[in-house]
Amino acid sequence: MRGRARGVLAAALSLLAVLGLGDVYNGETRKGISLFGLALAVNLGGLVALSLLLATAPSAWALVAYVPVLLTLVGLYVYGCGRAYARAVRLKEAPRHRLRACVAYAVCAWLLSAVTHHLVRSVALQAFKNPSGAMIHTLEIGDRFLANKFVYGARLESPFSDAPLARLPGLRAPRPGDVIVFLAPPQASADGKRRTFVKRIVAVEGQTIEVRAKQVYIDGKPWDDPHATFLSGKPDPTAERPSNPLLRACGSLESGSGPNCAPYTVPPGHVFVMGDNREQSYDSRFWGPVPIGDIRGQALVIYWSWGTPERPVRWERIGQPV
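Here our numbering = 1-based position in the sequence shown + 930.
Some clues are possibly wrong.
[To be verified] In silico SDA-like cross-links for lysine to any residue, where the CA-CA straight-line distance does not exceed 20 Å:
#1 K1059 - Y1007
#2 K1059 - R1074
#3 K961 - L977
#4 K1059 - Q1137
#5 K961 - R1020
#6 K1059 - I1248
#7 K961 - L1042
#8 K1151 - Y1194
#9 K1059 - P1251
#10 K1059 - L977
#11 K1151 - R1208
#12 K1059 - G1237
#13 K961 - A1036
#14 K1151 - L1161
#15 K961 - Y1009
#16 K961 - W1040
#17 K961 - Y1007
#18 K1144 - H1067
#19 K1123 - G1223
#20 K1144 - G1107
#21 K1144 - G1237
#22 K961 - V1037
#23 K961 - H1048
#24 K961 - V1004
#25 K1059 - H1048
#26 K1059 - V1243
#27 K1144 - P1099
#28 K1151 - R1105
#29 K1144 - I1066
#30 K1059 - R1125
#31 K1151 - T1195
#32 K961 - L1029
#33 K1059 - Y1194
#34 K1151 - P1106
#35 K961 - A1016
#36 K1059 - T1238
#37 K961 - L1021
#38 K1059 - Y1233
#39 K961 - R1028
Don't read these hints as lab results, they were simulated from the structure.
Based on the sequences and whatever the hints tell you, model everything.
Shown next as structure tokens:
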């Protein structure tokens, strides 16, 4: 293989496979490891910093602050590809017996990347999508948003089950008004599977909630939620039918007035959640309060929003706090 062809191969290995793999192909394993480690540290540090920034000030500016990290990563890839290409061109002979080293390096790098990605999703920041209309207009169908994983105490999650391996201390307790991502109970779905839902906390432990004629009362006083909307149409398609008696936490359904809820005191260690689109949301009014241990994070900011075929991207929603 000629020098230029070797250079193209080395650059392609770094760009398309794993950063630094071109250096390993050239026999400069330490350089490859150093470059990969630097890129991993930059990305990890940027994501942690982004999660901290979003926790204090969720806005479009927080997302813009991550742009320098992306540019740095692009620069490292360009530098790594260029270095691997230049070194391969200068080699007098083609590298031999490098297949084993390249495979070992690639496997280790992919495993390390996967572990790091899982840790970031577990303890810092995770992206979610909103598939239903239960949170209109706070979250529209097609919105992609970021959730802070450590504000209530990060769950060290197993990649093979829903059970957390451990839970870290949180910064604060859940509050009424927080929009949370949580693992819904089995009775919230028609097939009994536990799925990830997003709803707004209306009441916390010790508070008494009542819903009467679309008005929410907390400890006997009206709670006027500016996010609440009342739209007619089909109920939330991600949840079970209200005809199932297991889904009712309190009260009854009155035709034309939406779900009502008799006075109900939230038990210790739980929160009572409702969708902002009150008449199209199956929530704690049907299947009970959510254990705090099942909360996966606090929804913070919309980072992308898919629209309709006529208007594929809803640009005005990007960067909106949840």
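The hints, checked one at a time:
1. Distance check on the hinted pair: K1059 and Y1007 sit about 29 Å apart at the alpha-carbon level, beyond 20 Å; violated.
2. Simply put, K1059 and R1074 have alpha-carbon atoms about 4 Å apart, close enough for the 20 Å limit, and the pair holds.
3. A threshold of 20 Å between alpha carbons decides the hint, and for K961 with L977 the separation of about 24 Å lies outside it, so the pair is violated.
4. Restraint check for K1059 and Q1137: the C-alpha separation of about 30 Å exceeds 20 Å, so the hint is violated.
5. Under the criterion of a C-alpha separation no larger than 20 Å, the hint pairing K961 with R1020 is consistent with the structure, at around 16 Å.
6. A distance of roughly 13 Å separates the Cα atoms of K1059 and I1248; the hinted pair therefore holds under the 20 Å criterion.
7. At roughly 17 Å between alpha-carbon atoms, K961 and L1042 fall within 20 Å of each other, so this suggested pair holds.
8. Under the criterion of a C-alpha separation no larger than 20 Å, the hint pairing K1151 with Y1194 is consistent with the structure, at around 14 Å.
9. Proximity of K1059 to P1251 is assessed by CA-CA distance (about 14 Å); at most 20 Å being required, the pair is judged to hold.
10. Taking the CA atoms of K1059 and L977, the gap is about 19 Å. The hint holds against a cut of 20 Å.
11. Taking the CA atoms of K1151 and R1208, the gap is about 19 Å. The hint holds against a cut of 20 Å.
12. For the proposed pair K1059 and G1237, the alpha carbon gap of about 13 Å is at most 20 Å, so the pair holds.
13. For the proposed pair K961 and A1036, the alpha carbon gap of about 14 Å is at most 20 Å, so the pair holds.
14. With a C-alpha separation of about 24 Å, the suggested pair K1151 and L1161 falls outside the 20 Å cut-off, and the hint is violated.
15. Of the pairs offered as hints, the one joining K961 and Y1009 holds, with about 12 Å between alpha carbons and a cut-off of 20 Å not exceeded.
16. Under the criterion of a C-alpha separation no larger than 20 Å, the hint pairing K961 with W1040 is consistent with the structure, at around 17 Å.
17. Straight-line distance between C-alpha atoms of K961 and Y1007 comes to about 13 Å, which keeps the hinted pair within the 20 Å bound.
18. Straight-line distance between C-alpha atoms of K1144 and H1067 comes to about 17 Å, which keeps the hinted pair within the 20 Å bound.
19. Restraint check for K1123 and G1223: satisfied, since their Cα atoms lie roughly 18 Å apart, inside the 20 Å limit.
20. For the hint linking K1144 to G1107, the alpha-carbon distance of about 17 Å falls within 20 Å, and the restraint holds.
21. For the given pair, K1144 sits about 29 Å from G1237 by alpha-carbon distance, which is inconsistent with the 20 Å threshold.
22. A hinted pair counts as satisfied when its Cα atoms are at most 20 Å apart, and K961 with V1037 qualifies at roughly 17 Å.
23. Proposed proximity of K961 and H1048 is contradicted: the alpha carbons are some 26 Å apart, above 20 Å.
24. Only pairs whose Cα atoms come within 20 Å are accepted, and K961 paired with V1004 is accepted, the gap being roughly 18 Å.
25. Under the criterion of a C-alpha separation no larger than 20 Å, the hint pairing K1059 with H1048 is consistent with the structure, at around 18 Å.
26. For the suggested pair K1059 and V1243, the alpha carbons sit about 14 Å apart, so the restraint of at most 20 Å is met.
27. Pair hint K1144 plus P1099 does not hold up; C-alpha atoms about 36 Å apart against a cutoff of 20 Å.
28. For the given pair, K1151 sits about 17 Å from R1105 by alpha-carbon distance, which is consistent with the 20 Å threshold.
29. Restraint check for K1144 and I1066: satisfied, since their Cα atoms lie roughly 16 Å apart, inside the 20 Å limit.
30. At most 20 Å may separate the alpha-carbon atoms for a hinted pair to count; K1059 and R1125 meet this at roughly 13 Å.
31. Taking the CA atoms of K1151 and T1195, the gap is near 14 Å; set against the 20 Å cutoff, the hint holds.
32. Using a Cα cut-off of 20 Å, the hinted pair K961 and L1029 holds, with the two alpha carbons roughly 17 Å apart.
33. This hinted pair does not check out: K1059 and Y1194 have alpha carbons roughly 31 Å apart, beyond 20 Å.
34. Straight-line distance between C-alpha atoms of K1151 and P1106 comes to about 14 Å, which keeps the hinted pair within the 20 Å bound.
35. For a cut-off of 20 Å, the pair hint linking K961 to A1016 stands: about 14 Å separates their Cα positions.
36. Restraint check: the Cα-Cα separation between K1059 and T1238 comes to about 16 Å, which is no more than 20 Å; the hinted pair holds.
37. In summary, the hint linking K961 to L1021 is supported, as the alpha carbons are separated by about 16 Å, within the 20 Å threshold.
38. Of the supplied pair hints, the one linking K1059 and Y1233 holds, its CA atoms being roughly 10 Å apart against a limit of 20 Å.
39. For the hint linking K961 to R1028, the alpha-carbon distance of about 15 Å falls within 20 Å, and the restraint holds.
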